[in-house]
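J.: Here is what each chain is made of, one letter per residue.
Protein chains: 2
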Amino acid sequence: MFKKSKIDNAVTQLKQRFGDQLSTSEAVRSHHSHTTTRIPQQLPDAVLFAKNTQDVSEAVRICYENDCPVIAFGIGSSLEGHVNAPHGGVCIDMNGLDQVLEVNNEDLDVVIQPGVTREALNEYLRDTGLFFPIDPGANASLGGMAATRASGTNAVRYGTMKDNILALEAVLPDGRVVRTGSRAKKSSAGYDLTRLLIGSEGTLGIITEITLKLYGIPEVIAGGTCSFPSVESACNAVINVIQYGIPVARIELLDVVQVRACNQYSGLDLPETPLLLLEFHGSEAGVAEQAEMFASIAEEYTEYEFQWTSDEAARKKLWKARHDAYYASLAYSPGAVGVSTDVCVPISRLAECVEETYRDIEESGIISPIVGHVGDGNFHCMPLSDPEDDEMRKVIDGFIKRLSERAIAMGGTCTGEHGVGQGKQEYLRKEHGDAVDVMMMIKSTIDPKGIMNPGKIFPQN
Amino acid sequence: MFKKSKIDNAVTQLKQRFGDQLSTSEAVRSHHSHTTTRIPQQLPDAVLFAKNTQDVSEAVRICYENDCPVIAFGIGSSLEGHVNAPHGGVCIDMNGLDQVLEVNNEDLDVVIQPGVTREALNEYLRDTGLFFPIDPGANASLGGMAATRASGTNAVRYGTMKDNILALEAVLPDGRVVRTGSRAKKSSAGYDLTRLLIGSEGTLGIITEITLKLYGIPEVIAGGTCSFPSVESACNAVINVIQYGIPVARIELLDVVQVRACNQYSGLDLPETPLLLLEFHGSEAGVAEQAEMFASIAEEYTEYEFQWTSDEAARKKLWKARHDAYYASLAYSPGAVGVSTDVCVPISRLAECVEETYRDIEESGIISPIVGHVGDGNFHCMPLSDPEDDEMRKVIDGFIKRLSERAIAMGGTCTGEHGVGQGKQEYLRKEHGDAVDVMMMIKSTIDPKGIMNPGKIFPQN
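Protein chains in written order, with the working numbering: chain A, 1 to 461; chain B, 1 to 461.
FYI, nobody ran anything at the bench for these hints, they're computed from the structure. Honestly, I wouldn't trust all of these hints.
Pairs count within a copy or across copies, as identical chains cannot be separated in the list.
Said to hold, decoys possible - Lysine-lysine pairs mimicking BS3-like chemistry, simulated, CA-CA at most 27 Å apart:
(1) LYS394 / LYS6
(2) LYS6 / LYS317
(3) LYS3 / LYS316
(4) LYS51 / LYS317
(5) LYS317 / LYS213
(6) LYS213 / LYS430
(7) LYS443 / LYS430
(8) LYS320 / LYS401
(9) LYS449 / LYS3
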């Protein structure tokens with residue numbers, strides 16, 4: 001489909017135009033392909049370090065004229081092979097677009113370039129009393145978070161990227177620059193192209209500017225933990241929390257394997273049984289009320305005590321298990337790498353889905369802690385294996401397939417927040433049926449040459 | 001573009017297939033065209049009363065085969081000519097699809113057919129402790145609300161239709177039925193076709209099933225009112241409310257003309273100065289805290305007293321001015337009809353936009369109360385005029401044009417919640433620039449024959 005000679009032409013023209021901003025060194029190309037295990041690396045032919053929208057526009061136009069694939073790159077923390085270059089082509093590194101362009105305190109919004117990371121943004125905002133809440137774990141670029149429709153631990157209160165972007169600027173496949181949305185909080189004027197680009201994983205265009213919603217930093221942040229005799233009892237407590245409309249900021253589940261790993265790694269003595277971790281945002285009285293409401297719900301489902309505090313140091317100690325979960329998992333199986341995967345189901349099916357998954361893990365003979373953003377019905381498994389163990393890798397692939405299909409069968413989705421990339425393509429039609437044809441029609445009309453991040457999202461024939 | 005003979009063929013085939021479900025009587029056709037003033041009526045050739053998705057699918061396929069326009073119809077409360085048939089064709093009345101299919105209490109969602117109205121849904125839900133909050137004023141069908149991306153008074157807390165729909169079923173222009181989204185609270189699996197259909201005004205397909213988010217009915221609902229010396233002081237108070245993160249459920253502005261009209265109509269003695277009306281949802285302690293926070297903000301900006309109550313009867317009395325606003329406006333200029341129009345701007349520009357609009361109203365010699373969903377920066381003008389007065393109608397058209405362009409120039413949108421329909425087409429490109437081309441590409445690829453609600457949204461050449 002793509003010709004090496006034409007890609008070479010594009011690289012030559014880009015070199016002429018951009019000089020040292022373009023690299024073809026193997027080290028740089030390797031760094032700009034998939035680096036988060038499981039999916040093998042596929043290197044681009046060149047990497048362009050863009051500095052502004054104009055660079056992106058000109059580079060994309062050169063690629064368009066030469067039928068050359070274009071892959072946008074943030075910080076490379078995506079998990080499903082989103083930044084691989086299966087057909088070669090040019091990777092555009094967006095980290096040079098790292099400016100906060102405009103903070104609008106009165107409107108609670110900020111205009112940024114896509115290379116700004118969420119931590120850099122919050123550091124920039126620290127004197128304004130405002131913050132951007134979405135937290136996928138990694139210090140990802142906000143452009144990447146938009147492109148994969150990311151979320152994380154506090155989506156239960158603040159929503160996902162789709163709920164927190166007001167407007168975008170994007171470079172289309174032919175190099176044209178368009179703007180979608182506006183700083184108005186709502187609009188009924190025309191198709192919602194903003195939401196179409198969010199989650200499109202670089203297959204329709206490259207995001208070059210983002211207008212994000214901001215929130216006031218809560219007066220008080222309280223944290224709490226509570227152990228439960230079973231995943232089901234923990235999930236039932238969560239369902240009650242949501243039904244009562246308690247505005248929890250985070251509500252996380254650690255399964256017994258994860259708790260055991262955290263006890264070992266962080267020297268904790270948590271009961272080896274499922275654990276819920278909570279965070280409340282509000283006024284002093286507000287968080288106390290939320291915590292008391294949670295306590296009265298929890299006592300219906302567990303005899304373990306609910307502990308909570310609004311003291312920052314004590315809160316961080318309570319949440320230590322969650323913060324260390326990733327490293328605790330890796331340490332649990334020394335020398336292993338973790339394959340992070342996620343699904344999301346209606347919350348009423350969550351306990352059933354987690355427990356079936358738990359049995360699957362046991363029967364498959366794999367080690368896989370489970371951590372869940374349970375307020376949304378979203379959970380992550382991280383099967384651990386020796387990176388050289390090809391047999392175990394096949395077992396894990398089979399596990400991920402069953403997990404994805406289980407979630408879809410329960411009315412859920414094969415990915416709550418990681419995206420499709422290369423890793424979840426085979427489930428797209430199982431989940432969306434003929435709607436995939438509509439997605440492909442949109443892809444074909446906006447990107448008729450198929451140069452934007454080819455080999456992603458859509459099942460490859 | 002559309003041929004009368006082919007439309008006649010479609011109607012004949014539909015008559016054969018659907019018998020008495022199809023009407024060609026003028027009274028029925030007239031009722032199914034635009035009826036909310038300003039934009040002249042344009043009647044369809046026939047009206048089909050659909051009973052289920054299969055009916056819609058078959059009817060659309062017959063229309064597709066005959067290149068016949070198809071217009072979906074809810075209850076006809078749209079304001080910008082959305083249901084007119086400028087090219088004739090077949091109107092599909094969706095009121096027969098009026099079933100609540102599934103209530104999922106644990107997941108806080110409900111699956112409905114699009115002909116269910118918001119009041120019927122909340123009536124159905126009354127014993128569950130749950131409700132659907134979005135309230136555009138009219139008792140609109142939820143299918144129509146989805147198609148126009150509606151919102152209303154409590155969007156400041158609960159968001160708009162775009163934020164409250166999890167999944168859709170829709171009939172495409174060739175009669176195929178597709179499903180978008182799922183009951184999972186979030187997903188990163190593929191393009192967001194749900195959000196693409198929301199606000200597409202029937203130009204891409206007909207929505208035949210909707211999965212909506214629900215909320216627990218608040219333990220306590222409190223209402224309050226506060227007069228302000230100026231629109232600016234009221235808006236500044238609102239900006240503070242939003243910045244402090246007070247989760248107001250509604251925060252409405254009535255301008256001095258509207259207050260005067262309400263005093264006359266409802267026998268009130270409100271100070272003739274801008275008025276804010278508030279509603280708080282939460283626990284007894286929670287609403288008291290919100291009200292106290294508002295009071296302490298308000299006293300910075302006004303010497304008028306903030307009155308509030310959680311007693312239902314007293315609350316309704318406080319809010320009487322708002323509930324009667326529409327009829328009060330009409331009574332203010334006897335024999336007149338009101339032309340309702342809306343815009344939305346970043347909240348920091350709201351006072352400026354309202355005051356410029358106020359001057360424009362005075363200079364134009366028209367009478368137009370202003371009511372605003374000010375927490376979102378969204379406000380409505382309702383110029384009043386004798387329906388026979390063609391001169392005044394031109395003056396009002398000029399006023400709406402200046403209003404729309406003023407909002408766009410301030411970084412806002414020509415419509416916050418009414419939609420584009422026929423009335424706001426000329427502002428689409430001013431607001432979205434070349435992004436309109438992308439919208440048109442999507443329209444052309446999904447609806448290549450252009451049969452779905454033709455003559456809407458996009459500027460007509």
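J.: So, for every hint listed, does it hold in this structure?
T.: Cross-check of the supplied hints:
1. LYS394 / LYS6: For LYS394 and LYS6, neither the intra-copy (36 Å) nor the inter-copy (58 Å) Cα distance is at most 27 Å.
2. LYS6 / LYS317: Neither: 56 Å inside a copy, 73 Å across copies.
3. LYS3 / LYS316: Intra 54 Å, inter 70 Å, cutoff 27 Å: neither.
4. LYS51 / LYS317: Cα proximity of LYS51 and LYS317: none, with 41 Å in one copy and 59 Å across.
5. LYS317 / LYS213: Neither: 30 Å inside a chain and 35 Å across chains, both beyond 27 Å.
6. LYS213 / LYS430: Classified as between; 24 Å across copies, 34 Å inside a copy.
7. LYS443 / LYS430: both (19 Å within a copy, 26 Å between copies)
8. LYS320 / LYS401: neither (32 Å within a copy, 58 Å between copies)
9. LYS449 / LYS3: Within. Shortest intra-copy distance 13 Å satisfies the 27 Å Cα cut-off; inter-copy 35 Å does not.
Of the numbered hints stated above, those contradicted by the structure are hints 1, 2, 3, 4, 5 and 8, listed in ascending order.
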